[in-house]
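Single-letter residue listing:
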Amino acid sequence: MKALCWNGINKLNVERVPDPSILNPGDAIVRVTMSSVCGSDLHLLDGYVPAMREGDIIGHEFMGEVVEVGPEVTKLKKGDRVVVGSVLGCGGCEFCQTDQWSLCDNSNTHPEILEKAYGYAGAGIFGYSHAFGGYAGSHAEYIRVPYADTGSFKVPEGIKDESAVFTSDAFPTGYMAADMCGIEPGDTVVVWGAGGVGQMAMQSAWLLGAGRVIAIDRFPERLAMAKLYAKAEVLNYEEVDILEALREMTGGRGPDRCIDAVGMEAHTTGVEQYYDRAKQAVRLQTDRPAVLRQAIMACRKGGTISIVGVYGGLLDKFPMGAAMNKALTFRMGQMFAQKYIPKLLDIVADGQVDPAYLLTHKWSLDQGPEGYKMFKEKTDNCMRVVFAP
Amino acid sequence: MDTFNTKLSELLNTAHINPPLTGSSQINVGTTERIISALGGALLTYYGLKKLDTAGIAMAVAGGALLFRGATGYCPVNEVAGRDTADSESILIQITRSLTIRKPRAEVYQYWRRLENLPNFMEHLQDVRQLGPKRSHWVAKVPGGVGTVEWDADIIQEEENTLLAWQSLPNSTIDNAGEVRFMDAPQDRGTVVQAIISYRPPVGSVGGLAAKMMNPLFEQMVQEDLRRFKRLLETGEIPIIEGQPSGRTSKNY
Ligand SMILES: NC(=O)c1ccc[n+]([C@@H]2O[C@H](COP(=O)([O-])OP(=O)(O)OC[C@H]3O[C@@H](n4cnc5c(N)ncnc54)[C@H](O)[C@@H]3O)[C@@H](O)[C@H]2O)c1
Ligand SMILES: [Zn+2]
Ligand SMILES: [Zn+2]
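These protein sequences, in sequence, are chains G and X.
Using our numbering, the first residue of the first sequence is number 1, and each one after it goes up by one.
Using our numbering, the first residue of the second sequence is number 1, and each one after it goes up by one.
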């Protein structure tokens, strides 16, 4: 079959690889009908996620049709149209049983890699390096789905592929970001990053009772989408001083809940950018925490910082004093796909949110490398490219 | 490392059972040390390569050297040092590892007690056969295709659903002993399994050196064996990626 393989930093190629097969009794094979790019893949392309190996198939946000099931699979059958969560959960461990799926004890094939770096390792993730299990990703014609019963969800008839595919990753991540905020009625929620994840966080903030939603980015077309589809007020950080703007917009109190939907490769202006890039380049810090710093400063006293933008390693100049003395609450994590997907499919079926607008480009898998180039450089108003093999 | 382990076992009040001082620890350079070298070498090489970083590569190189020595019986270090490995005192290596398994204690205990199940999750074991109510025969693979090692062991202590301890019989190729405890985890978290595995590497400076290098690997081996045990019990399968597609032509995963 055809697959999009990572062959080094910023080196992607479409290659012919063997078809996947059932390897464990709980596996299913899914024929991929749609597979989306995600901001997380950019961290792989740019080399910030270690333990990638040449030839790894990437991609983790996808849906498709079940074509084969292992002997232990009970909930799925051939022909089912399913969306599959990007994070693998075994279903049997303490974390899966308490709905904290990305912390699964069992789905990571090589937990020893992350145990060295983090003390304890998280779940496996499709197409996301050997530190996260080394599972072949979804930018391919077929994919092997381990723990198929726990991670795959049948898509109701009324939902079209273009909407369903984003309930795999972008929507549950955005929803969890808002959920972790602990929004109280009338709260002002600010979302840094108006990418797919940020857009879904804004939509979810409304669902969870926000009184006001503010989006921050620098790309006018993304801010325009935030305004149009997510009914957000928008701030371009290249045009205004964010701290000042947020203070004035909130009567001098500061926003109640701050969501980081950007992560370790945050872009900055001014001196900070050179400082962070230089340190990151010589590995004195691995991540550029510009958004986090800003969110901590902007947040009201006693507010919440909810982090779904991915960080991998160490941060420098982290304003711990501000966080501590303002009594901020921090919530964060890779998202719990299996916890949220059923609820989100209902929300989409009801027409409360339609994530389909994230799909700005539907391309063939053969255009994988160009697709990622466009997504990375945010050209042609690209929000998310979806490959339909 | 050794004193650290002793302290830990004091703290945890574990490890009353030690391997006999008769087999591997008393034999001169020869078969046993060669097997240990080969085993350690293969482990170092295996985990070293798996780690994919500089420390890993150093491990792999060291592993290669041990493997060479194990396979040939020739040890340059030994020759330069002008010693043989006969007359220093023996070393006891002891590894303690715990894991929590979300299953009832009886189920966890019963699976382990059926010793024939052990090779299902202990990667280096090829076969365990129960010879009588207490005695069993063990066959371990020596990685790197050097062969197998076999020994007999006796269960020397057994408390249903609580404790299982065994010891290799005197004059075994590898003097070893083990103790596994099964305890209720707090609330509904299942069962804590604590394994204390000890063995005696061959005597002498070279044996000691090999043991020092191998110790972290044996720790990792015990950890990964326990982890496979947990995974098997909690989900009925052990996650793998070997055999899945990739763009690599050499190894297909
Ligand atoms: N926690 C999870 O489970 C999970 C799941 C999916 C994605 N993610 C992470 O979410 C983040 C966003 O993903 P995405 O797919 O939306 O990516 P994306 O690249 O499409 O969007 C990121 C946006 O952040 C903006 N940005 C950069 N620097 C900024 C700054 N200083 N201030 C404000 N905005 C800034 C960019 O302009 C861009 O629009 C990534 O870090 C990704 O790894 C996490
Ligand atoms: Zn993602
Ligand atoms: Zn799990």
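Calculated directly from the structure, the hints in this document are not laboratory data.
Keep in mind the model is a prediction, meaning the values are calculated, not measured.
There could be a bad hint or two in this list.
Straight-line distance between alpha carbons at most 30 Å, and here's what the computed DSS-like set of lysine-lysine pairs gives [what the hints assert, rightly or not]:
no. : chain 1 : residue 1 : chain 2 : residue 2
1   : G       : Lys116    : X       : Lys134
2   : G       : Lys75     : X       : Lys141
3   : G       : Lys339    : G       : Lys75
4   : X       : Lys103    : G       : Lys116
5   : G       : Lys339    : G       : Lys279
6   : G       : Lys362    : G       : Lys326
7   : X       : Lys103    : G       : Lys77
8   : G       : Lys343    : X       : Lys103
9   : G       : Lys339    : X       : Lys103
request  = If any of the earlier hints don't hold here, list their numbers in rising order.
outcome  = Violated hints (numbers, rising): 1, 2, 5, 6; every other hint is consistent with the structure.
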